[in-house]
Amino acid sequence: MKPLYVVKVGSSTLAKGTIFAEIGQLVEKGASVLMVAGGAAGIDAHYAAIGREQPTLTLKSGDTVRHCTSTEIDHIVSAYRLVTLPQVEAGFSQLGLSAYTSIAAQGNLVSGKANKPLRTIGTNGRPRLERDHRVGVPAHVDLDRLRALLGAFDVVCLSAPIADTASGSPLNADADVIAAALAVATKADHLRLVTGTAGLLADPNDPQSTLPHLYAGEGAEFAGGRMKQKVRAAEMALSGSADVAITGPDTLSQESGWTRFWPAREPADDLQLLTRAAAIPSVSGDERELALYLRQWCTEAGIDAQIDPAGNLVATKGNGPRSLLLMGHMDTVPFHWPTVWEKDLHLFGRGTVDAKGSLVNFMHVLRDVEVPADAQLRVVGAVEEEISSSKGAFYVRDHYRADAVVIGEPSGSEKLTLGYFGLFKLRVTATVASGHSAGKDAVSAPDALATSLSHIRSAVLAEAPEALHAVIDHWTIKSSNGDEATGILNFRLPPGVDVDVVTKAIPHIPGTSVAILRATPGFSNGRSGPLAKAFTKAFRANDIRPRYVVKKGTADMNTLATTWADVPMLAYGPGDATLDHTNEERIGADEFRTANSVLSTAVANWFTLTRGDNS
Amino acid sequence: MVDHKITVAIIGASGYTGGELVRLLADHPSVHIEFLSGERNASATVGSVHPWLRNHPRVAKMRFRPIAQMPEVDIAFGCLPTGALPKYLSHVSSRAKRIINLAGDFRLRDPEELRNHYPDSAEVAEKFTYFVPELSTEVGEGRFINLPGCMAVASIYALYPLFANELVQPRVVVDAKTGSSGGGRGTSDHPAERAGNFRVHKPHGHRHSPEVRQAITDFTGQIPQLQFSTYSLDVPRGILVTGYAQLREGVSALEVKRAFAAAYVGQPFVRLRSAPKKPQDFPMLKAVIGSNLAEVSVNVRADEVVAVCAIDNLVKGAAGQAVQAMNLITGIEETQGLPTTAVGP
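Which chain is which? The protein sequence lines are A and B, in order.
Take 1 as the starting number for the first sequence in full-length UniProt numbering and just add one per residue.
Take 1 as the starting number for the second sequence in full-length UniProt numbering and just add one per residue.
Bear in mind the hints are in silico, worked out from the structure with no lab data behind them.
Backbone N, C-alpha and C fix where the C-beta goes; we use that ideal spot for every residue, glycine too.
Incorrect hints may appear among the rest.
Facing chain A, a subset of chain B residues (Cβ under 10 angstroms, in silico) [said to hold, decoys possible]:
(1) Phe-144
(2) Pro-236
(3) Ala-261
Residues of chain A placed beyond 10 angstroms of chain B at every Cβ, according to the derived structure [as the list claims (entries may be wrong)]:
(4) Thr-69
(5) Leu-97
(6) Gln-106
(7) Asn-108
(8) Asp-144
(9) Gly-151
(10) Glu-221
(11) Thr-316
(12) Ser-528
(13) Asp-590
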């Protein structure tokens with residue numbers, strides 16, 4: 001599933017032109033982009049071209065706004081169709097990208113309700129109620145059509161006006177507000193409101209005064225003029241699941257020019273990074289925005305951090321020979337709801353347990369623990385742990401080294417995971433000649449498959465009696481070779497079982513073919529090495545009687561273990577693992593803090609216990 | 001926009017198409033039904049001829065009258081069997097400002113095809129505009145409009161983006177499966193023989209074939225080499241057409257996807273099924289019956305394209321299409337009075 005960015009671009013930014021290449025880079029990285037184009041400059045140009053004066057209204061506040069009468073709205077539509085949208089198409093076309101551009105009213109892609117009559121000051125200076133003002137707010141998005149367009153084009157670009165749900169001529173609408181409505185309706189992953197300044201400025205006259213972080217209700221006092229709508233739009237979008245930022249000047253990529261809007265305020269400072277990391281969507285394949293934010297956090301904390309070629313965040317303290325690797329993962333399974341603190345006790349949101357709680361714990365420990373001169377502490381936030389590619393873990397396995405590893409996976413703050421079962425997954429296909437099922441002694445393809453599965457099970461279990469096993473899928477098809485019945489046979493192999501041995505144990509069965517889909521060995525440590533001892537002492541120091549477990553699933557530990565067999569590895573992380581991947585995923589503040597206390601002590605213990613190993 | 005109700009006459013209102021038009025216009029907020037013709041059913045009530053309308057508070061008691069009694073109206077809808085309207089045309093046109101014909105009489109321009117398929121129309125002098133609501137851009141001040149055939153229009157929806165964007169080779173095969181109401185009330189097909197059967201209607205030579213060829217040529221500038229075959233389904237309503245074509249060299253599946261998404265994005269009554277995952281996600285009769293919707297999908301594997309369209313032949317293929325055309329021509333909101341949800345199960 002591609003990550004979806006909604007990017008609002010004002011007309012002055014469009015005119016500069018550099019934004020097209022930045023959006024092109026998002027497309028190149030595999031994102032879908034829904035752009036919303038502002039049209040102020042285009043409308044000015046169009047009115048100048050047709051020699052028409054732009055009517056305005058004076059509001060009670062003294063502000064002047066464009067008067068969108070039923071007649072003027074036709075000219076505004078023409079301005080978008082003749083000036084702004086062709087400019088967008090040309091910008092992307094030069095980059096070789098396909099763009100679909102349209103006013104949002106087209107085919108009711110976005111429709112909304114007209115605003116109430118506007119209170120204005122007439123030319124005679126007296127209050128006046130202006131009824132013929134075709135302006136409204138978005139209320140409905142045609143998701144089917146929009147998804148069809150997003151699936152077919154590199155970029156889809158919409159602009160005002162929107163359709164009127166009560167029919168009649170289209171309604172002009174603020175482009176930032178359209179972008180926010182689209183982000184919520186499409187369940188976008190990221191919303192960027194690109195502006196001409198470096199985000200929202202505390203002092204409009206000081207371009208260096210960017211407000212980096214805001215919560216709902218905080219931005220209005222700093223926003224004047226057009227920036228009011230941008231702040232309103234950003235806060236509207238917080239009801240969705242996108243991470244939201246006003247970015248600039250005229251760019252997406254200058255981190256110092258970002259004002260981020262956060263949906264949930266952390267109850268205490270030590271919960272801030274957890275809260276914010278959970279609020280940045282990072283479904284597998286879309287970890288980049290979270291990696292950038294964590295890298296920025298590290299930079300501000302004085303920690304060296306980089307994003308490696310696989311997309312992993314790699315943050316390091318110290319450069320001594322004794323190295324401890326804390327390896328978590330940034331990605332989550334898909335989700336679409338905003339992050340919320342429940343009574344300041346639990347943080348509800350995707351990834352809080354699996355496994356941003358663990359990763360943020362690692363980041364805090366990296367920041368706080370003193371690393372000896374002869375040692376190194378490294379945190380990796382890996383990509384694609386939740387999908388079978390395990391891209392991040394494979395890159396770590398092949399490009400980094402460590403003397404010991406702690407994997408960031410939840411088992412609870414009072415448990416230590418000593419290892420994981422391995423996964424041995426087979427596709428077994430039994431083929432029989434067609435048309436013999438009614439004959440004497442005929443064996444159907446499913447019957448043949450059942451027999452073959454039974455033989456294979458017996459053979460594997462003879463080598464690994466403790467393995468768990470199940471047929472997790474099956475199907476039958478007719479082909480030119482005959483009738484084929486196929487089953488997926490899954491074994492969970494206990495640590496210590498050699499996958500080569502069980503592979504060789506698979507019997508040759510005439511008429512049956514076997515494909516090995518996954519052969520990841522299990523891995524487990526004892527409790528006697530320095531790493532386990534470091535944790536044991538840390539639990540004791542925190543008055544915890546720990547439980548030690550070997551988990552039946554697989555994790556990045558299995559991937560590392562395929563070549564790092566001699567490196568001690570454990571897994572530790574806060575949170576209730578039964579909430580992984582569920583819609584009830586939440587983590588307790590106390591649980592998170594306990595894990596932080598245990599891990600920071602354990603890491604310090606490991607440095608102490610391994611002192612002199614390299615002397 | 002109209003500032004008064006449009007008065008309409010439905011010529012041939014006792015047939016299936018006419019009855020369906022009565023059903024839709026009876027509750028259209030901008031229309032007043034002034035007159036319903038039905039020569040053989042003259043003096044009978046609407047409710048007695050169309051039992052499904054007998055409980056409507058206004059139209060159920062309206063009576064069919066001979067065409068000769070037709071008063072002056074804004075629009076006359078022609079719902080007569082093909083070949084009948086040409087005989088009454090001068091009379092109807094003297095009393096109606098506009099005529100929208102749902103039958104096939106004036107769809108074809110080629111004189112030979114016209115003589116072959118619509119011999120009664122060949123000598124008529126009036127020029128009719130062929131009007132597909134989603135594709136026709138001009139009506140002008142023309143008084144005479146002819147709407148597409150039901151299987152033809154479904155085929156046009158399936159093929160238009162492919163030819164408009166020059167994505168496929170000229171050779172295209174269309175098979176069109178239609179329900180029994182497409183044959184009209186006078187069909188000789190006995191229900192006992194139709195039920196439980198699915199059979200060929202015409203492998204070659206159906207009169208919608210030259211119509212599809214003409215429409216695709218007019219709307220896209222490309223001339224298809226069309227093989228058009230029709231089949232009879234055991235359902236009262238509904239048409240499912242499948243078009244098979246081969247991509248031109250160098251054309252990608254993504255370009256096909258783009259063409260369909262862009263072609264129908266602004267069309268309220270053509271819905272693209274853009275990402276079907278299971279069979280029920282593709283266009284199907286139960287998603288469109290009773291509505292004015294056409295569902296369309298396109299699927300590409302290697303260079304083979306399969307485009308599918310499903311419509312209700314009596315609504316999107318006839319009466320609903322006529323109301324949609326009337327709305328567009330008279331400046332009424334295009335969607336007014338037209339159902340967008342199907343009847344199920």
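Outcome of the hint check:
no., hint, verdict
1, Phe-144, "violated (29 angstroms)"
2, Pro-236, "violated (28 angstroms)"
3, Ala-261, "holds (4 angstroms)"
4, Thr-69, "holds (16 angstroms)"
5, Leu-97, "holds (12 angstroms)"
6, Gln-106, "violated (5 angstroms)"
7, Asn-108, "violated (7 angstroms)"
8, Asp-144, "violated (7 angstroms)"
9, Gly-151, "violated (6 angstroms)"
10, Glu-221, "holds (41 angstroms)"
11, Thr-316, "holds (42 angstroms)"
12, Ser-528, "holds (52 angstroms)"
13, Asp-590, "holds (43 angstroms)"
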